[in-house]
Amino acid sequence: MPGIIGAFVEIDSAVEAIEDLRRNRFNDLTVYTPTPRHEFEHALEPPPSRVRIFTLIGGLCGATFGYWIAIWTSRYWPLVVGNKPIASWVPYTIFGFEVMVLIGSLATVFALLALSRVPRLTMTVGYDPRFSGGHFGVWVATSPDRAKEAAELLRKHGAVEVRHEA
Amino acid sequence: MATTASQYPLNGQRPNIPSAAVRLPAVADYEQVDREIIGTLRPTLGWFTLLGIAVLCLLIGITAWMYQIYSGLGVAGYHPPVMWGVYIITFVFWIGIGHAGTLISAILYLFRAGFRTSIYRCAEAMTVFAVMTAGLFPILHLGRPWKFFWLIPYPNWRLIWPQFKSPLVWDVFAILTYLTVSSTFLYIGLIPDIAVLRDRETNPVRKAIYATLSLGWRNSDREWRHFTRAYLFLAAFSTPLVLSVHSVVSFDFAMALVPGWHTTVFPPYFVAGAIFSGLGMVFTIIIPIRKFFRLQHYVTLNDLDAAAKMCLFTSMVVGLAYLTEFQVAWMSGNKFEQEYFWNRVFGQWAWAAWIMLLCNMVLPLSLFSQRLRRNPSWLFILSLFINLGMWFERFVIVVPSLSHEYEPWQWGSYAPTFVDYSILLGSFGWFFMWFLLFIKQLPVMAISELKEVVPPKRKHPHPDEFEHSRDEGIAHPFITGEHELPGGAH
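These protein sequences, in sequence, are chains H and F.
With our numbering, the residue at position 4 of the first sequence is 4, and numbering never jumps.
With our numbering, the residue at position 456 of the second sequence is 456, and numbering never jumps.
Be aware that one or more of the hints could be misleading.
Stated by the list, open to error - With a straight-line Cα cutoff of 25 Å, these simulated BS3-like cross-link-like pairs (lysine-lysine) come out:
1) F/165 with F/147
2) F/309 with F/291
3) F/165 with H/84
4) F/207 with F/440
5) H/156 with F/459
6) F/440 with F/291
7) F/457 with H/156
If you are wondering where the hints come from, they were derived from the structure by calculation, not from laboratory data.
Work the whole structure out from these sequences, hints included.
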């Protein structure tokens, strides 16, 4: 979708612009910031990240697999020592724990990449290298008929540069 | 005292800096962070020299290993009863080194300890390279090292599986998990910083490499939202993991019925020792980096002070564990244990035990002095003693126990050969080669996290962000370490 990108030097200017844009029913906003800032989170009010669901499922699968592989292989080659149980859950907890951490961590990383939509081969329209430096970017995805209004709002709040991108 | 007034500017009081209140008063804006941290990536003659030395040490180690493979493990100085020696000692030593990285990057992250911000990247990289180094030693210790993969459970034509009740298999799982998770943690933290490098790089080849490694990261609010959550969960996973790994390593010893090994104090003792030794290596690495890259205004004296307090604490835990071992042997009524511990401090291996006690218990007590905690030169010297002491701690655990078991006819001795020493040297070459390559290719400090500490530009300045610059105490050179800056580099 085409839109307008505004570059800001001051963080509070960018936050005010976001709040004003949302008041004017521009809701498809993306903010570029060199470092995570709570000010933007408060202004954008995004839903909670779903990374935790992947982490939980990955951890549970890992713990299950860790216990299962140890128990299954013990029963596959049963070595009876002193009438002790063939599958010994105490040492097998090490495998349950380690594999839980391993698969849970990898699931977390997968969730980060999938939900953030990376890796990407090309930069998104509107991105500017300054946004990894000291500038803040506000991207407003909007139809051409409201582009002028969005650009004016961005300028009003102190955007040092406003560009139309398609 | 006459010096007190100038040393402690807060009306003679010692400063008490909350660890969460990290301040970088000599860093003005985000652009300065980018400029100065990216500036450390330029290779210098000194760096090439150090890299050459590291590669030379590695080649010596590789040559010795080739000789060992050709001639057999006998050339490594093993003979009954001491069949574990320098390799297992060095394995435990490097695993221990790796622990401080995760402590600093994960545990201190969960505790919101602000002083970790400037040192955690180095510590994390150190962890990954230390675990990579440690992982080589069990393989070096195999008679047929090319069969090492038999320890990994996979369906195979022999229809056999590893013995899951063996501590050696626990080790495989613990170390591979630790290596995977710590590498992942390091890389995930690096992605936004690599994106900064991508956006500043002018060389097209390097730019393409950075673009690939950054996965097209663009600093959007969506990416940061998931990134911060994922980072938190990885830290939460890494925290128990770091405690489990050295506990599992300690089981290699504690599960055996050998005097001096078969004790329940080993897991906490090993974990505390690992963190202590890792902090020693962090000082060994971070203090020269801070000095030669002129980053004193990022790694401030406050940061070193806080890390030195942790070092002191873990030293005291380790010291307590040493004393507890003696107490347990004394109170057990087991004459083999008693004889072993008597032999440890007054017998054949007394020299090694006293090096251990001096370096790990006595010298770190100097850190009760705030003046020494804030003295980078002393911290660096002390860190070398800690590295030495912790290597000898593992020597004292491994060799005296095996050489002095139950029956006098079993007693023996152990002397490392040039193959052992060469491979030990090679392990340092391997570790420092990777570390030196890392610090010239990727940011040695976390750019995006440093920016979280630096106040952003504002149209209407935020009152909290001015607090520290107005506060005479916090901004004083004594606190920030600015007085150390050569030629006013800040």
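Consistency of the hints with the structure:
With a CA separation close to 20 Å, the supplied pair residue 165 of chain F and residue 147 of chain F stays within the 25 Å bound. The straight-line distance between the Cα atoms of residue 309 of chain F and residue 291 of chain F is roughly 21 Å, inside the 25 Å bound, and the hint therefore holds. A threshold of 25 Å between alpha carbons decides the hint, and for residue 165 of chain F with residue 84 of chain H the separation of about 12 Å falls inside it, so the pair holds. For the suggested pair residue 207 of chain F and residue 440 of chain F, the alpha carbons sit about 15 Å apart, so the restraint of at most 25 Å is met.
A distance of roughly 13 Å separates the Cα atoms of residue 156 of chain H and residue 459 of chain F; the hinted pair therefore holds under the 25 Å criterion. Restraint check: the Cα-Cα separation between residue 440 of chain F and residue 291 of chain F comes to about 16 Å, which is no more than 25 Å; the hinted pair holds. Between residue 457 of chain F and residue 156 of chain H the CA atoms are separated by roughly 18 Å; this keeps the pair inside 25 Å, and the hint holds.
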